Structure formats: structure tokens, C-alpha cells
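Undergrad: Next come the chains, spelled out residue by residue.
Number of protein chains: 2
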Amino acid sequence: MAATTHQIPVYTEPEKFRLDHSSRRQPIIYRHVQVGNCVEKWKSPSYLLSRLEDKPVKIHEVDKEQVDRMDFRSKNFKYMTISMHSLIKKVFEVEEEKNDDKSYYLRWVGDDPRGQTKANFHVDFPKLSEDFSLDQSIFFDPDQFFSSVLRISSPGIRVWTHYDIMDNVYVQIMGSKDVIMWAPSEAFNLYLDGDKSKVVDFSDPTLLNERFPKFNQANKWVGHLEPGDVLFIPALWFHNMKALDTGVAINLFWKNLDPGLYDKNDPYGNRDLLPGAKAMRMLDNVIRQVNMLPPDYRDFYGRQLMSKLESKLLLKDE
Amino acid sequence: MAATTHQIPVYTEPEKFRLDHSSRRQPIIYRHVQVGNCVEKWKSPSYLLSRLEDKPVKIHEVDKEQVDRMDFRSKNFKYMTISMHSLIKKVFEVEEEKNDDKSYYLRWVGDDPRGQTKANFHVDFPKLSEDFSLDQSIFFDPDQFFSSVLRISSPGIRVWTHYDIMDNVYVQIMGSKDVIMWAPSEAFNLYLDGDKSKVVDFSDPTLLNERFPKFNQANKWVGHLEPGDVLFIPALWFHNMKALDTGVAINLFWKNLDPGLYDKNDPYGNRDLLPGAKAMRMLDNVIRQVNMLPPDYRDFYGRQLMSKLESKLLLKDE
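Sequences listed follow chains L and G, in order.
Those letters in the first sequence? Residues 1 to 318, per our numbering, in order.
Those letters in the second sequence? Residues 1001 to 1318, per our numbering, in order.
Don't read these hints as lab results, they were simulated from the structure.
Note that the coordinates shown come from a computational prediction; the quantities given were computed from them, not determined experimentally.
Ideal Cβ placement from N, Cα and C applies to all residues, glycine included.
Hints should not be assumed to be uniformly reliable.
Said to hold, decoys possible - Quick partial rundown of chain L residues pointing at chain G, CB under 10 Å, derived from the structure:
(1) ALA235
(2) ASP299
(3) LEU313
(4) LEU314
To be verified - Okay, derived cross-link-like pairs now, PhoX-like style, lysine-lysine, Cα gap no bigger than 20 Å in a straight line:
(5) LYS1198/G / LYS278/L
(6) LYS278/L / LYS1308/G
(7) LYS1278/G / LYS312/L
(8) LYS64/L / LYS98/L
(9) LYS64/L / LYS78/L
(10) LYS1198/G / LYS308/L
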């Protein structure tokens, strides 16, 4: 059964998001949204250097030949802390910091990633944020706000497929990106390790198919982002982004569910919801019971338990 | 993908059961086993009447036209209590009790089915049991014995597909039977309601396929029993038996696992093992957790939980 490739639908009126779009629980691209002067001004590295606080930033450094297959399991990249200004020069390939062998990726985590403070672009980079004037109330109420994350990428960077636990919009400011997304129901086909897919190298289809035969059975959604485009990433949707050139983006996360459902110790917005995490822990005790039995009985009760979960929790096919 | 039909393997040396066969966890037919004079003597209804205590027996009465599709859900049969002698006359179609419209089925449950006493052929029918001299120690130790069940069937009776929780041997004494069995791993394809399959009517393949499309994908095992044949039915294997003519059989159940794993209140030997039943109850609490979330999150965590069960409990494909 061949998988389907959907185009992520494109709209021009983000004002309709809360009324008409968010409840569909599907990705959307809003094209050419009013996001402020940033789209023009941030093209210039010298402007960015003049407006960006020169803080230490924790970045991913990866060999250029691995730029499109960063692998969180084999760790074919390094975490390094450098200065923000140094990062800007490296990513924009300013002569004094040019490095032909390495590529860079920043996912800003806030000034105090281990504390309770989440990344907040307006607080963490107040001068630069004056250029970013997207009306966030289009997407969520102020008290739902969780974090706003600055992302800066060298050309070619592909970030591994993962899901977030919160609804978020990815606002492309500079550069273009190719987006691939998969519905939460494709989880079985994506070879998960926690919230991330083990499938990171798309370059050799034959090898990919040998190692991950179910991957090509997953229906995918594809789209393309240009400066000023806003991608809605519903919670739990898997997404993979590839920067086609030097990229700057702001990613806004909000608590779309009851705030009591979220893990309070979650700087990234990707920890399991409390009832989900608790259910997984409780399942360990269920498994412990069944493990008191011989293998054929374990298999049998395992299937009975799976069948019950399927009938009680899974959405019926449309 | 077409389903496979296996022939249930046929052996002639039941003495090899405990050493070589039982651990394979697959059905076996032992042909022409020494089970005693019963094979000859019980052909005569007058002999049976002279040796069988005339106790009240709880039987299934079903219209002849429904004889091969008894349905525990629509209850197209009646439970009735009649005398053993009356049952023998009806099933053997002795003139004084002949009924052209009805068929009968006895699964003897013991003298006190609600008490702690299980069906025990030698205790419940001492005179007749003198003719049945199968050496039970071929199959199990005396302290593993659970029950020995007398089964009497009118021609054509098909008993619904179900599984038992204990290993058992089905000793055909009189008449012949067709057997269909399915491995425990086919549970998903058999449309279970508890320990029974909802698929009871095999007469119209088109209708069957419309109502139960997965049923024909299940690999099945088939066999045929004649007087003196002994069928090993491993615990959890689904089985469906059709009496081709008047049938008498003795079905021996034993506790093949640690006795502490069995439900003490189980007259039939088909109640879930205690750890299995407990796991199913504990799963209700897991489901309650996940039900605190909206439908798309329930679906997502449902799949995560299923995936964990699959990797931790299911046997890997050979």
C-alpha cells in the first residue's frame, strides 16, 4: 500500500485560526503574514550584531557532510557554548569566522534553561524583538503563552523528526525551509526513541528502506516556508525541517490544554503530558503482572491488552 | 495475504507427550490410543442406559436447522435440565424420545457446578467410567488434575470457537468430529467476546466475509477425530468442534502451570489466569488516566502504550 503525500494547506488569513482552523488538528501554512520589519532587517548580519545581546549560546556544531542527517543517537554533532555574535558570524559566513567544514544550529533555550524560566524572545533579546510584531493573540491568550524560541540555522541543517507536546507556530523570518510532517497516528511507522524518530538519514532511499521498512508506509505532509510564512504545528504532529539557506525563525509555543496537564519541569515543551506519563508508568506494573506467566501466555495477554487499548483509546478511521 | 491451513500433526505414541510434544505448544492428534472398552461398548444406547446414573443434566437444546451455528450471543438455543436417560434416548434417536426438529448437547459440569467440586468423570459416573482406562499420567501428574468432562452431542452439533486456560486432551470415544483450531496469536482475527469468538456461522462464506473480514486472514489448523483418537488442545488455542454423527467424548483438563496462577472459582477451566485478569483490571486505570485527555492525545498515547506492550510482551516472529 503506497503512502500518500499531502500538501500542507496554505491560507492567507491567520485571523481565522482560533475560530476555524485550530480544532482541525492538522498543519497549516499561513503565507505572507504581517510579522514586522524583521523580514527585511534581519537579512543583514551587521544589523543582527548591532541588535543582538552578545550572550553565551549553546549550539550544535556538525560537520558539513552530516548537516542533513544530525543524529541524536550516534551524536554526530557537538554541543558547544560560544558567543551569540560568533554564532551569527559563523552562520552568515562572515569572513573572520568562516569555516568551510562546519555547520551550526541554535535552538535558544532561555537564559536559565535549568530553572523555571522558559525561552522568551521578547525578554531575552529585547532590542531585536522590537522588529518582530506578530500579534500572538491570533493564536492564543496571553495566559496560555509557554515560550518563544529563537532558531538560527546554517544552510542545509536538517533537524531530526520529533513531536512537541504543545501547539506551536513556527514563524519563518529569514531564509526558506522544507517541511515534512506526519500525523500522530503514524507513530508506529517512525521508529521512535522517546519523542524523536530514529530515522535521520533520508539521503539513500535503498538503505533507508532496508533499515526502516515501515517508514515509507507513513503518509506524510509536505510544505515550504519563505520569510513571513507561519506554520501551525499541532501538538503531537511529527515534524522535520530542512534549512535551504541561512535561516532565522521564531517558534511560539502555548498551552492549548488545561495547564494542570503539563509537566512543570519542561523547558522544551516536549515532555509527556502528566496523564500520559503516568499511564506509561502504570503500564509497567501491568507488564510486570503478565511477566509472571510463560511466553505463550505473555503473548496472549499482551494481545488482549493491546486490543482493549485499541478499542478504548484509538480514534476510529474516518 | 492468503491464510494458511495446517494439518494438525498426527502421532501414534502418546507416551512421548510429556518428554517431546507438550513444550511445542501446538495441537497434536494421537491416533488409535488405548482408551479401553468404551470405544466398543458405548455404541449401544441400551448399554449406556444400563451403566449411566440417571441424574438431572443441564443440556443445550437447539433447532436442527441451527445445529451448526449455536450462538452464545443471540442465544439461538435453550438451556434445559432433563434426565441423563432422556438425553441418551434423544441423542441416539431412540424411538420413544425421537424429535426430528431438535438437537442436543451436553457438557457435563459436575454434580455441584457452583461449588468447589469440578466435573470428574470417574467420580460422577463410576459404573460407566470402568470402561474408560486411558492412562492419564501420560499427560499429567495426579496433583495437576483439574477436571474430566463428559461431552455428548447430537449429529451436526458445532460448538462455538473458544479457548481454555488449561491444557487439555479431548478423547473421542464414539462418533467422529471435525476440528478447526487457531493459534492464540490469531486472537485479533477471531472477533472475541471474552473467551469466545463471535464468528459462529460458517455456512455462508460471502456473508461471513462481509461481517468478519479479518476472520479469513487467520491461519487455521484442521484435523479429524475418530473413536480412540486423542486431541491435545494447548491452553489458549482456539478450537471449534463439529460432531459428524452422534458423539461421546471425555475431555481431561489439567493445571499445566503453577496452581497459584489459576482462579479458584472456575468450574470450566476457562477463567483468565489471575495475573492476566489482574493486568486487565489494572489496564482500566491506565485507560482512565489517558481519558483525561482530548481524543487526539488519547489516540496518541493509546498507540504508545500498545507499542510498549508489543515490544515487551509479544513473541517475536520466528
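Undergrad: If a hint holds in the structure, say so; if it doesn't, say that too.
TA: Each hint tested on the structure:
Given the 10 Å rule on beta carbons, the hint for ALA235/L holds: about 8 Å separates it from the nearest Cβ of chain G. Evaluation of the ASP299/L hint against chain G yields a held restraint, the C-beta minimum of about 4 Å falling below 10 Å. With a least beta-carbon distance of about 3 Å to chain G, the hint placing LEU313/L at the interface is held under the 10 Å criterion. Taking 10 Å as the C-beta contact cut-off toward chain G, the hint placing LEU314/L at the interface holds, the least distance being around 5 Å.
Note on LYS1198/G and LYS278/L: the hinted pairing is violated, with a Cα-Cα distance of about 34 Å set against a maximum of 20 Å. Using a Cα cut-off of 20 Å, the hinted pair LYS278/L and LYS1308/G holds, with the two alpha carbons roughly 14 Å apart. Proximity of LYS1278/G to LYS312/L is assessed by CA-CA distance (about 18 Å); at most 20 Å being required, the pair is judged to hold. Under the criterion of a C-alpha separation no larger than 20 Å, the hint pairing LYS64/L with LYS98/L is consistent with the structure, at around 13 Å.
Pair hint LYS64/L plus LYS78/L holds up; C-alpha atoms about 13 Å apart against a cutoff of 20 Å. Between LYS1198/G and LYS308/L the alpha-carbon distance is near 16 Å, which keeps this suggested pair within the 20 Å criterion.
In this structure, the one hint that does not hold is number 5.
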